[in-house]
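All residue numbers for the sequence shown refer to my numbering, where the first residue is 1 and numbers rise by one.
Any given hint might turn out to be false.
To be verified - Below 30 Å or equal to it, Euclidean Cα-Cα: the simulated DSS-like pairs (lysine-lysine) are:
no. : residue 1 : residue 2
1   : K130      : K408
2   : K167      : K308
3   : K488      : K365
4   : K209      : K102
5   : K365      : K276
6   : K325      : K209
7   : K232      : K306
8   : K325      : K403
9   : K365      : K209
10  : K308      : K276
11  : K276      : K70
12  : K209      : K167
13  : K365      : K403
14  : K276      : K325
15  : K403      : K45
16  : K403      : K601
17  : K102      : K45
18  : K209      : K232
19  : K308      : K488
20  : K70       : K308
21  : K308      : K365
22  : K488      : K601
23  : K276      : K130
24  : K365      : K45
25  : K102      : K130
26  : K70       : K403
27  : K167      : K586
Hints were generated in silico from the structure; no laboratory data involved.
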Amino acid sequence: MAPKLGYEPVDPTNVPPPREIEVWVPGGIRATIAIPHGVDSDDPKWATPTKRMALILHGQMGHRDYCYQKILAHKLAAFRGIYSLRIDFRGCGASEDCADTKLGRVINSDLEDITRCMEFITDPSLNPLKTAFVPSAIIAHSRGAVVMYLWAVQQAALLRAGDPERKAFQVPNLVSCSTRYNTPTNFERDDVIDDDFVSMEMTCLRHGKYQLVVVPREELLTLIAVDLTCVKDLPDSWSVLSIYGMEDDVVSPNDGAQFSNLLSRCRHSHHLEVIKNADHTFMGVHHIESEEDQEDFNPEGLPLDKNKLVNYRHHAVAAMLHWLKPENESLRFLHANTTIGNQFRWKDIDGLSNFRDVGGWRLLKPTYSKSSKLGSTIFVRSNYIFRSACINSITQEGAQALKALGVKTIFDLRSPQESAGDIDPGYLSHARINRITSPIIDLERVAPEELAKRLVASATSSNKLEKVNQEILREGVQPLRTIFTYIKEHPHEPFVISCSNGRELTGIVTMLILSLAGVDKHTVANEHALSVHGVSAPQQVAHNKAVERVATNGTVTDNSVSFGEETLISMFRTLDILEEEFGGVKSYMTNHLGFVESEVKGIYDNLVTHQAKGPVTFPVCKI
Numbered sequence: 001m002a003p004k005l006g007y008e009p010v011d012p013t014n015v016p017p018p019r020e021i022e023v024w025v026p027g028g029i030r031a032t033i034a035i036p037h038g039v040d041s042d043d044p045k046w047a048t049p050t051k052r053m054a055l056i057l058h059g060q061m062g063h064r065d066y067c068y069q070k071i072l073a074h075k076l077a078a079f080r081g082i083y084s085l086r087i088d089f090r091g092c093g094a095s096e097d098c099a100d101t102k103l104g105r106v107i108n109s110d111l112e113d114i115t116r117c118m119e120f121i122t123d124p125s126l127n128p129l130k131t132a133f134v135p136s137a138i139i140a141h142s143r144g145a146v147v148m149y150l151w152a153v154q155q156a157a158l159l160r161a162g163d164p165e166r167k168a169f170q171v172p173n174l175v176s177c178s179t180r181y182n183t184p185t186n187f188e189r190d191d192v193i194d195d196d197f198v199s200m201e202m203t204c205l206r207h208g209k210y211q212l213v214v215v216p217r218e219e220l221l222t223l224i225a226v227d228l229t230c231v232k233d234l235p236d237s238w239s240v241l242s243i244y245g246m247e248d249d250v251v252s253p254n255d256g257a258q259f260s261n262l263l264s265r266c267r268h269s270h271h272l273e274v275i276k277n278a279d280h281t282f283m284g285v286h287h288i289e290s291e292e293d294q295e296d297f298n299p300e301g302l303p304l305d306k307n308k309l310v311n312y313r314h315h316a317v318a319a320m321l322h323w324l325k326p327e328n329e330s331l332r333f334l335h336a337n338t339t340i341g342n343q344f345r346w347k348d349i350d351g352l353s354n355f356r357d358v359g360g361w362r363l364l365k366p367t368y369s370k371s372s373k374l375g376s377t378i379f380v381r382s383n384y385i386f387r388s389a390c391i392n393s394i395t396q397e398g399a400q401a402l403k404a405l406g407v408k409t410i411f412d413l414r415s416p417q418e419s420a421g422d423i424d425p426g427y428l429s430h431a432r433i434n435r436i437t438s439p440i441i442d443l444e445r446v447a448p449e450e451l452a453k454r455l456v457a458s459a460t461s462s463n464k465l466e467k468v469n470q471e472i473l474r475e476g477v478q479p480l481r482t483i484f485t486y487i488k489e490h491p492h493e494p495f496v497i498s499c500s501n502g503r504e505l506t507g508i509v510t511m512l513i514l515s516l517a518g519v520d521k522h523t524v525a526n527e528h529a530l531s532v533h534g535v536s537a538p539q540q541v542a543h544n545k546a547v548e549r550v551a552t553n554g555t556v557t558d559n560s561v562s563f564g565e566e567t568l569i570s571m572f573r574t575l576d577i578l579e580e581e582f583g584g585v586k587s588y589m590t591n592h593l594g595f596v597e598s599e600v601k602g603i604y605d606n607l608v609t610h611q612a613k614g615p616v617t618f619p620v621c622k623i
């Protein structure tokens, strides 16, 4: 019988170790970077790598390679294409001592370590890979997860304050393993800390060998004093997975239910996984000495350790990998962002699918940061730019609904060949909405078969979409310039960008618009992936679409475009291409679209607002 999570099989085998780099994070933190297998291998069994990085944190007296940490790092690299940084907190493993050894590893020391690691991850001048990685997840065990929660709440507060001088981080995925909520610590249960208590000795891996280390009173008091009711203040955009062992005798699994009550802020914002027969570090508690023991306590055939205990760490890692699947991340993003303020993002326009407002996103790092003011926050304007699937089926009621939204113009990105069969009943013109044909790929000018031949040498099945996106950035200069010129000249006239399915071509334009505003890569990529949910089943494949014909060497099949994983991953890769080949969005605007710097700044100003603007009240689209 294959081991099960309840929703998919557990793979109990290790993967070949990826390339790893031992690094020093500034501040005296020793760490290991695991590099995705797909960076060094073209083997299609490995996930397409993206410039995302997960931070992996250990617990009390732990180190970066204990418990599930190394297994997780290797499987993230192999099956999610995600880099990881697993660390030794100061005072642990191979890291330097804490700043004040008399205080020990107090909570504030750990908080500082996490911030330093985030700076290391996101600043290419600090890490040896010279890459500004997107922080995709923090995965933490026990005490490490306690500190992770405190750090996340701290960052959320900084973001709310809107102080441009204080950098804040947002990490969309938090994984909390065996985390105490209100279970007393071992030190409290054993009455270790009385009035005369000064310190105690505990065994810890330190500089390559296990040894006794001194744990001062203050270190334990700061841990005991933590109150995690504050996690209720985490916004919906921070999703949480909690994992507990049913036989944990350090932290009660009931604490997971407490977190679930606090963190279930919207649909899918929190998931609780409880592993039967597992302890605090996800090992079994029953020694497997006979076939009868095997049948009773390990019917799934999970591996045993040297003490003949079942290793449930592969089970825990499988739960994490499942939760971090791109399609599952996209689903959480969808439900966390159904509204802009108190208004719905998705609009119900009769005859149109995949219609939504692309504004309302909070800018963590505005492109023109001097625009930021203390106490204010900058957003992409809402009720200004909308995206949609093909407009040829719009009804009279739909056209009037667009008029009610204030829409003045629709940019139809389809080729003339794609729109040749359209019958225009005049609904848009009657609503005084101008339709501008602005084909990104013109099949008369660039035959898809020829374009496909240019891609085939470098495009495998896993990256065809990103290569097509790359060609669009190269070839689609004039229509892209037309749209940005409209933004420059018509800041008060809302418009729609549309293509066959509202996904690929529309996605490239939306990516450039949001990138110019300064929207973070995680949001840009996941906004693109919303189209997976916005395209209704009968319209998932439209005939004679240019992108599909290019990506499939001139042919169209019912399965020509991958949904879910490839949709999200291809946009992350396209964002990398924008940086690597074109020098970033500002360089693309000047060197490829031909705008001067002052025009780019003017376009940016027309895209953003210093407060979330409530759009016109409108019914939600049921997707």
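Hints and how they fare:
no.	hint	in the structure
1	K130 <-> K408	44 Å, violated
2	K167 <-> K308	48 Å, violated
3	K488 <-> K365	21 Å, holds
4	K209 <-> K102	22 Å, holds
5	K365 <-> K276	43 Å, violated
6	K325 <-> K209	37 Å, violated
7	K232 <-> K306	41 Å, violated
8	K325 <-> K403	39 Å, violated
9	K365 <-> K209	43 Å, violated
10	K308 <-> K276	17 Å, holds
11	K276 <-> K70	22 Å, holds
12	K209 <-> K167	37 Å, violated
13	K365 <-> K403	33 Å, violated
14	K276 <-> K325	23 Å, holds
15	K403 <-> K45	49 Å, violated
16	K403 <-> K601	29 Å, holds
17	K102 <-> K45	50 Å, violated
18	K209 <-> K232	40 Å, violated
19	K308 <-> K488	69 Å, violated
20	K70 <-> K308	21 Å, holds
21	K308 <-> K365	51 Å, violated
22	K488 <-> K601	9 Å, holds
23	K276 <-> K130	43 Å, violated
24	K365 <-> K45	36 Å, violated
25	K102 <-> K130	36 Å, violated
26	K70 <-> K403	56 Å, violated
27	K167 <-> K586	22 Å, holds
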